[in-house]
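Visitor: Quick note, the sequences are listed as chains A and B, same order.
Letter by letter, the first sequence follows residues 10 to 159 in our numbering.
Letter by letter, the second sequence follows residues 51 to 427 in our numbering.
Please keep in mind that the hints were generated in silico from the structure rather than gathered at the bench.
Since this is a predicted model, take the numbers as computed values, not measurements.
The beta carbon of each residue, even a glycine, is placed where N, CA and C say it ideally should be.
Misleading hints may appear alongside valid ones.
Stated by the list, open to error - Using C-beta positions, here's what the derived DEER-type ranges look like:
1) B/P109 - A/I54: 15 to 23 Å
2) A/A40 - B/A181: 39 to 47 Å
3) A/A40 - B/R78: 50 to 58 Å
Said to hold, decoys possible - So, partial list: chain B residues that the calculated Cβ filter (under 7 Å) puts toward chain A:
4) Y187
5) I240
6) M408
7) W410
8) S414
9) Q417
10) S421
11) L426
To be verified - Okay, derived cross-link-like pairs now, EDC-like style, lysine to aspartate or glutamate, Cα gap no bigger than 16 Å in a straight line:
12) B/K412 - A/D52
13) B/K406 - A/D129
14) B/K365 - B/D152
15) B/K194 - B/D230
16) B/K235 - B/E287
17) B/K406 - A/D48
18) B/K406 - A/D52
19) B/K412 - A/D53
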Amino acid sequence: MTSQIEVSDRPAPPSEPGVGPAELARLSELATLVTAAQDAMSDDIVTRLSAALNEGMILLDRLTRNQALMRLLHTLERAECQNLLEALAEALAATSRDLAKGRAADGGLGGWVRLLRDPDTCETLRLVSVLGSHLSRNLQASRAPDSSSS
Amino acid sequence: MRILVVGGGTGGTIIANNLARRLSAELRTGKVSLTMLSASDRHMYQPGLLYVAFGQMMPDTLYRDQASLLEASIEFHVDPVKHFMLDERRVKTQSDRVFDYDILVIATGSRMVPEEIPGLVEGSETFYSEAGAIKMYKALRNFKGGRVAIVVGVPHKCPIAPVEVTFSLHDYFKTRGIRDKVEIKYHYPINRIHSIENVAKWAKPEFDRMGVAYETLFNLKEVDVQNKVIHSEEDTEYAYDLLISIPAHRGMAVIEENRLGQAGWIPTDRHQLTMEGYDNVYVLGDTTNLPVSKTGSAAHFEAEVIADNIASIVKIGTPVREYDGKVYCFIEAGHDQATYAMFNYLNPPDLKPANKSMHWFKMSYNQMYWSSVRGLL
Ligand SMILES: Cc1cc2nc3c(=O)[nH]c(=O)nc-3n(C[C@H](O)[C@H](O)[C@H](O)COP(=O)(O)OP(=O)(O)OC[C@H]3O[C@@H](n4cnc5c(N)ncnc54)[C@H](O)[C@@H]3O)c2cc1C
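Whenever a hint applies, use it, and build me the whole structure from the sequences.
Guide: Next comes the structure, spelled out in structure tokens:
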């Protein structure tokens, strides 16, 4: 009797998070998925995945701590550099097409003279010489004693 | 400040790389120099030897060129130290070169000494060297059944290895379908089956489940190679067909010869990790006399503390950290299950039941080791 009264007097328990048949089915689905993944894996797969991850981490670490490379990436983010890269890539593609189409250059002094008369050749030489002078100026600047502190 | 690291194994490599990262600015400006002297141009992942012994790894996969693991700012020489002149703050190498230092780090590791037990070298298989692990694998492959005895000498590096090799033997013979033809008996020198109490408590029911017999308080006296019998100091014996041994270890001979520590174990302050009597000499890894397991993981945690302290001495003139005795050991409980033990000076390990995920964690770590010694993990 007493216990009956106690039971009826007790406040209703707070509602427990329900685990109905739908949730159970989902849980069992999840368990099947985990078991399937476990069964599909092997020591070799785990070893290969870890080795790849490991090498990737080492590479990333090297790249991100290479100050010159990080500065280069920074420089390459500038729009003018990206244009230049695009121009370079297109020029390379066009060069390979032209080389495949055109006939081989003539040898000898005559061939040289003909090549030098071509305005494109003169423009190319100008480009290379401007590039060379900038490169040499930059190299001199990076060799200056106080430039290493950056 | 001249920092000299002697030993290019687990501890030495981690500490040198950690220092190179922490002191990169000082190294660039020449305020600090960092030199490593080692005995080999190759670095071996020693835990892999257990897998070699069971044909699960090829020995060449355990090696990397030592130079490739080191930061570019570390000056590396393969020129082992012969003489430590601690009062003069210098060492002399095999090639008679002298290296002066302000701070010295000693991480020369340990070596097994099976030759101290008569018959052990000729009579047993051990996986504690590359040649030994390959030989053990061949012996296992040729084994058709009979009595396998495991004997353990103390101290030895990787204290978990005796139980790991026992589990692996059980699984290996099971996979080959001959487990019922093999009797495995494990012998251990103290009065329980492992020196770490909770590991002993965990392993005992596992041994019972696998049908592995064990004898504790068995201190190997000699191996009668002719009759294939092992004898203990306690006057017991066991006849075997295949004997697997984990021989007792000492520190390197150079440590003993220079009287830096008895049996090659250097007296080390348990929190500062300095050599007793020398504040500018740090010791880590197997060669300390600390009451922690001789493991790569202990060497790793010690290296972190020492690197922090040396870097802070350079930067602010005083050390900042203390070592708490932390060790983390994976325990391979056979070929596809593992668990782990983590403990320190104050807290014993609390072992969880072995499972497959921990085994894969260990498999992954076998690869991640190379990031770890580079100071990345
Ligand atoms: C089979 C096996 C399984 C293992 N399993 C595990 C494991 O699962 N987990 C774990 O944490 N640990 C494990 N270990 C232990 C771990 O490998 C060692 O505890 C760890 O390598 C110790 O690091 P250390 O730097 O003190 O010595 P080591 O790594 O042995 O390095 C010592 C270095 O000192 C150099 N050296 C020696 N003499 C001189 C000299 N005179 N001058 C200069 N250099 C010198 C050597 O060339 C070497 O480079 C295992 C070991 C073995 C053998």
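Visitor: Taking the hints in turn, state whether each one holds.
Guide: We went through each hint and held it up to the structure:
{"no.": "1", "hint": "B/P109 - A/I54: 15 to 23 Å", "result": "holds, 22 Å"}
{"no.": "2", "hint": "A/A40 - B/A181: 39 to 47 Å", "result": "holds, 46 Å"}
{"no.": "3", "hint": "A/A40 - B/R78: 50 to 58 Å", "result": "holds, 54 Å"}
{"no.": "4", "hint": "Y187", "result": "violated, 17 Å"}
{"no.": "5", "hint": "I240", "result": "violated, 33 Å"}
{"no.": "6", "hint": "M408", "result": "violated, 12 Å"}
{"no.": "7", "hint": "W410", "result": "holds, 5 Å"}
{"no.": "8", "hint": "S414", "result": "holds, 4 Å"}
{"no.": "9", "hint": "Q417", "result": "holds, 4 Å"}
{"no.": "10", "hint": "S421", "result": "holds, 5 Å"}
{"no.": "11", "hint": "L426", "result": "holds, 6 Å"}
{"no.": "12", "hint": "B/K412 - A/D52", "result": "holds, 10 Å"}
{"no.": "13", "hint": "B/K406 - A/D129", "result": "violated, 68 Å"}
{"no.": "14", "hint": "B/K365 - B/D152", "result": "holds, 15 Å"}
{"no.": "15", "hint": "B/K194 - B/D230", "result": "holds, 11 Å"}
{"no.": "16", "hint": "B/K235 - B/E287", "result": "holds, 12 Å"}
{"no.": "17", "hint": "B/K406 - A/D48", "result": "holds, 10 Å"}
{"no.": "18", "hint": "B/K406 - A/D52", "result": "holds, 10 Å"}
{"no.": "19", "hint": "B/K412 - A/D53", "result": "holds, 13 Å"}
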